[in-house]
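Asker: Just need the whole structure built from these sequences, with the hints factored in.
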Amino acid sequence: MYIEEAKNFVGQEVEIKGWLYNSRSSGKVQFLLVRDGTGIMQCVISQNDVGERLFKDAEKVTQESSLIVKGIVKQDERAPGGFELVIKDLTVVQIASDYPISPKEHGVGFLMENRHLWLRSRRQWAILRIRSTIENSLREFFNERGFILIDAPILTPAAAEGTTTLFETDYFGVPAYLSQSGQLYMEAACMAFGKVYCFGPTFRAEKSKTRRHLTEFWMLEPEIAYITFEENLQLQEEMISFVVKKVLANCKEELKIIGRDTKPLEKVDPPFPRIHYRDALEILRQKGKELKWGDDFGGDEETLISNEFDKPVFVHHFPEGMKAFYMKPDPLEPQTVLAADLLAPEGYGEIIGGSQRIDDYNLLLQRIKKNNLNLENYKWYLDLRKYGSVPHGGFGIGLERTLAWIAKLPHVRETIPFPRLLEKIYP
RNA sequence: UCCCCGUUAGCUCAAUUGGCAGAGCAGGUGGCUGUUAACCACAAGGUUGUAGGUUCGAGUCCUACACGGGGAGCCA
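Residue numbers (my numbering): 860 to 1286.
Note that these hints are calculated values from the structure, not bench results. Please read all numbers here as calculations on a predicted model, not as lab measurements. Take these hints with a grain of salt, some might be off.
Below, computed lysine-lysine pairings styled on DSBU-like, alpha-carbon distance capped at 30 Å [as the list claims (entries may be wrong)]:
(1) Lys1283 with Lys1066
(2) Lys963 with Lys1182
(3) Lys1105 with Lys1122
(4) Lys947 with Lys933
(5) Lys1283 with Lys1170
(6) Lys1111 with Lys1170
(7) Lys1054 with Lys1068
(8) Lys963 with Lys876
(9) Lys1146 with Lys1068
(10) Lys1122 with Lys1182
(11) Lys1122 with Lys866
(12) Lys1115 with Lys876
(13) Lys1182 with Lys1229
Answerer: Structure (structure tokens):
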């Protein structure tokens, strides 16, 4: 039996295979908190039931030792979770000695050094289960809408955007780079399959040392042929709302463990507010932040704007030249591009960046040259504008930042099993 | 790359003006028949990040370096 199914086994004899999370004893009774990956269950062992020998064995089981217990499932208000196991038999698989993570407080540095063990603790268990739910619901959302999953390459010959933030590696004697984005490849794929998305790791060698940055993070990038800018925003707000609803429905226990107030999440429903870049500047001016046309927002600015709303908010129509080279100028106001960032509430900042892509061959060629990109590398990308070019667009959603917001975590490093941070790659 | 803070027992932290390095947890031993990060008792645990300097005397003051944390820029 798995612990999460305990309520279906009341009165029955079952076997739990797991690890000792913690134990307490009181003379001739011991309480073993056993975890099996699906949950934690209090198991009671009394000397009168099992005899002195087995009782003594149980006393020797240390924190995180692996063990198998057999007994009867009982409903009991005194047990955390409402169910406990009355132990009849216990087998030790392996005794763990000197487990470094005690039930008391630890610092982040120590916990990160022991990330491989930290994953076993309750809070990390809850967070990573929410991560799994988010990933699954994202896939479900796109699969239900007829999107085709296209895996983008991780080794690439050139940069999608800037060249300073790339991890370089040797590819049989020529330089190759770890992917920064699958987007350009998705543009090719959407011309073949109509609606596509990729979901995988991306790499940024930025020397960023903040609560919002990882050097390796996961991004989901849809790309849709013939989509309009407005349809793109609708897709994003429907996707976010779908994911939040799935987490609220499927992760009640996990949200409780991490102490997440779910009220702000319950408000997440389309439509999301839309703020023109020009009006975002005005909001900031009223808050005492004077920015010039063309200035980008930092973390503080994003927080000021998102705090004006109790839902995620789109900021759109950024000045041309401020964003990536492939973004399409709005024909109605050509000094801006048809791009939008989605800012999460509660100060979590940008979780989505999306845009219409340039579909005109000559304009794209001009932009590539203007950005000093090597034309050789973009020949195939230009081909897409040569052979049946169509209006198209898409976006990229950062998984870790989305999870940090939904779980209201102070730092993204807890949102990924093994975070890769500035100059840190162990374990 | 820049700014700020920190580094004392395995872990989390104390240590007054520069004057005998100390708790809790973990680990050890013993006790307790319903515990909830259980509790009680006892014992053990230290080259105070490294290198130099000031001083009768440095965990404490100064300099450099290393490592860690937070933030800026940049970005999802």
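Asker: Against the 30 Å threshold, does the CA-CA distance of Lys1146 and Lys1068 hold or violate the hint?
Answerer: Measuring from Cα to Cα gives roughly 27 Å; hence the hint holds.
Asker: Check the hint pairing Lys1054 with Lys1068 against an upper bound of 30 Å on the C-alpha distance.
Answerer: violated (36 Å)
Asker: Sort out whether Lys1122 lies within 30 Å of Lys1105, counting only the CA atoms.
Answerer: The given pair, whose Cα atoms are some 15 Å apart, holds under the 30 Å limit.
Asker: Please work out if Lys1283 and Lys1066 have their alpha carbons no farther apart than 30 Å.
Answerer: holds (12 Å)
Asker: Are the Cα positions of Lys963 and Lys1182 separated by 30 Å at most?
Answerer: Violated. Lys963 to Lys1182 sits at ~46 Å, over the 30 Å cutoff.
Asker: Holds or violated: are the alpha carbons of Lys1122 and Lys866 at most 30 Å from each other?
Answerer: holds (28 Å)
Asker: If you draw a straight line from the CA of Lys963 to the CA of Lys876, is it 30 Å or shorter?
Answerer: holds (25 Å)
Asker: Starting from Lys1111, check that the Cα of Lys1170 is at most 30 Å away, please.
Answerer: Between Lys1111 and Lys1170 the Cα gap is close to 21 Å, so the pair holds against 30 Å.
Asker: Please work out if Lys1122 and Lys1182 have their alpha carbons no farther apart than 30 Å.
Answerer: violated (34 Å)
Asker: Taken at face value, is the distance from the CA of Lys876 to the CA of Lys1115 at most 30 Å?
Answerer: Cα-Cα ~25 Å, so holds.
Asker: Does Lys947 pair with Lys933 here, judged by a C-alpha cut-off of 30 Å?
Answerer: holds (13 Å)
Asker: Can the restraint linking Lys1283 and Lys1170 be considered satisfied, given a maximum Cα separation of 30 Å?
Answerer: Violated, at roughly 34 Å.
Consistency note: the structure conflicts with the earlier hints numbered 2, 5, 7 and 10.
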